[in-house]
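K.L.:
Residue strings, one per chain:
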Amino acid sequence: MKSKKTKNPVITLTTDFGYSYNYAGAVKAVVLSINPHARIVDISHDIPPFDIVSGAFALGTTYNYFPKGTIHMAVVDPGVGGFRKPILVETEDYYFVGPDNGIFSLVEQKSEVLHIYELNQKQYFLEHVSSTFHGRDVFAPVAAHLSKGVSADKMGMPVKTFEILEAFEVEIHSDRIAGQVLMIDGFGNVITNIDNGVFTKTLNGRSFTIHVKDELIQNIYRTYSDAPLLSKIALFGSSGFLELAISQGAFVNSVPVRVGDEILIEIGH
Amino acid sequence: MKSKKTKNPVITLTTDFGYSYNYAGAVKAVVLSINPHARIVDISHDIPPFDIVSGAFALGTTYNYFPKGTIHMAVVDPGVGGFRKPILVETEDYYFVGPDNGIFSLVEQKSEVLHIYELNQKQYFLEHVSSTFHGRDVFAPVAAHLSKGVSADKMGMPVKTFEILEAFEVEIHSDRIAGQVLMIDGFGNVITNIDNGVFTKTLNGRSFTIHVKDELIQNIYRTYSDAPLLSKIALFGSSGFLELAISQGAFVNSVPVRVGDEILIEIGH
Amino acid sequence: MKSKKTKNPVITLTTDFGYSYNYAGAVKAVVLSINPHARIVDISHDIPPFDIVSGAFALGTTYNYFPKGTIHMAVVDPGVGGFRKPILVETEDYYFVGPDNGIFSLVEQKSEVLHIYELNQKQYFLEHVSSTFHGRDVFAPVAAHLSKGVSADKMGMPVKTFEILEAFEVEIHSDRIAGQVLMIDGFGNVITNIDNGVFTKTLNGRSFTIHVKDELIQNIYRTYSDAPLLSKIALFGSSGFLELAISQGAFVNSVPVRVGDEILIEIGH
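Protein chains in written order, with this note's numbering: chain S, 3 to 271; chain C, 3 to 271; chain D, 3 to 271.
With the rest of the complex left out, here is chain S (with noise of 0.2 Å):
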């Protein structure tokens, strides 16, 4: 772990608090009463409203940009309150530190998972702990304390695994890729959770043939503007998910694609 360690490490925020209210200052306190050398960066504050799939997809898209050691806190926690374990998540090269309801889920994607804690050791809390604001009273110190040099292991008690959300569950068999579709863009694209990495290693070469409703679709273009006008077609987004789109057009109103529809990839020989 030595070769993680660095001095004031990034601690990284997604959280749904919204930019109108004071949540995410009130964060940014916590931490830096307890740490006034930390470094905070938003990855967004607008994820939909406990929308714990979006919050995911903000983070797991975007933490292995970051520079080893990075704290990743993230707060999308419609179960505050209730029964969900706070926890700390540890990999090779990053900390996460939230609730356990599934906003962790494509770190185990991308990652080696080395240890997981649920945090119960209440002297890095703050010293109230409100029923509903567990960003500001639980996860800020955490994070904050973690990024003076705390080890994790003091923060809680082991525990074997955390949550992942089936949205984000991909079937592989040597002749298919069975996903779904994880979100709808502001521009009505269609994004699944089938990843560049898992789609390169699986395929492998062979031709395919993508089937979503009763559509079929064979070609993957590198970027919008490569494809015929209103022709639909598949690529790869920026996050490395599988997109499906219509150049200059919109895909869900031509396919009636809903949130959580099959996706399947039918691999050739």
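To be clear, the hints were calculated from the coordinates, so they are not data collected in a lab. Treat the hints loosely; a few may be bogus.
For identical chains, the list gives no copy identity; a pair is met inside one copy or between any two copies.
[What the hints assert, rightly or not] Once the Cα atoms are required to be at most 25 Å apart in a straight line, the calculated DSS-like pairs of lysine-lysine come out as:
1. K150 to K70
2. K70 to K124
3. K112 to K70
4. K9 to K150
Given chain S, work out where chains C and D should sit, using these hints.
P.N.:
Here is chains C and D on its own, set in the frame of chain S:
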């Protein structure tokens, strides 16, 4: 005062500038031009335009989570260019810089105010002061000079009081507390101006009845999820203020409450 | 150039990425991975999508408030993946990094441009450059390397000009200034492309008449509150550009002005 001084303290910003314009960027530019080592933290730039009550609430429920020595700059300033004074308020732990229009109303409730200055020393302003953007031209340079160690009493002329908004005034008697509705939040919850500290100290364990319109509420819950479904409840939110809510519903849809309406807490024996 | 160099200069960001996605976070991640000591300041991430004029305005009216040596990165980039060049513009006090599509239009009006480079040295890009996200893959790493002291001339190939948008072009004659409507703001005020500096220097104390559609305006007020209620007025906003307004009203509701319409200032004797 020496205990408060820290090297390059945090400067926080609470404004109604929004995120679509370059106003917040210009304020940060001026601060960094004067003190390149300043550490700037946004509380919010999305206070509803000209809504001093919301600005005072956002700042007033966040400022004391920041490290001692933090300089809080707040600019919700409908009277810019008119007669309102630019001020600097000094408490034991913090500085506050902004217009004297009530934006610092909650500071006096929570902290002992040591000094108030009317900012009139133009050598600490930008050379050209526009008539519409004192955030950039007056408050940012004052906050930056303060962060470099210029002492508060060099910045202006001592004055005796600063504006407190009526919206934050609470009448405290031995047998009742009379407050009012401060805001309605996005979920239809009613946020009152009655603070947990005032409530607990005044009641001192006695029973109570909360009157709002024709409704009576006699229990305070710790969290929404503790309350029976669709019952009208009171609780103290993460801000520390008394809130009226319906669990899984919108209080204002059941009881036609508006900002400014009286909230009376009758105290039993 | 040595006078400009500062240790770990500020890097500013002006983009249309919005705050709901992780794009701005990814850009910051890349910058911090290359230069962990970089200080990043948002000018805005909420420039209207693909609106290069608004981006150029936000950056162009803010950049010169930043400390000397600041690196300004701007990404409003509808042509990403196409033929527009990635460029680096160097002035006496600042660097500008972004697409060559007019986003730096106002830089030449206010600063002397010393060098322009087309970015073509791939060792300063991310290893894998996506076709849709040059903010993360090209401009962020270039800005970060620049902030670490790599000299601008190592980043690319000198070129002679960069794109200036027609929207910012102003014709200056001894007896008139011909500009145009740049933007309509949220209050219905008309923001023109005629700068205070150009105006003052050209008029040199002479009288003037502003023509817009069939309206004539002959006074410039210092502030909105100085003007008679509901009168049509002109004033220089905090950005330094000439604005047409109705005090307490919306100019565009009285005079049907649109973006691009001519504004003619006829100069008297």
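K.L.:
Compare the structure with each hint and give your call.
P.N.:
Hint by hint, here is what the structure shows:
For the identical chains of this complex, K150 and K70 are neighbours both inside a copy (15 Å) and across copies (18 Å), given an alpha-carbon limit of 25 Å. For a Cα distance limit of 25 Å, the shortest separation of K70 from K124 across copies, 23 Å, qualifies, whereas the shortest one inside one copy, 27 Å, does not. Taking the shortest alpha-carbon separations for K112 and K70, only the intra-copy value of 14 Å comes in at or below 25 Å, while the best inter-copy value is 40 Å. With identical chains, the CA atoms of K9 and K150 are at most 25 Å apart both within one copy (8 Å) and between copies (18 Å).
Violation of the numbered hints given earlier is absent; every hint is satisfied by the structure.
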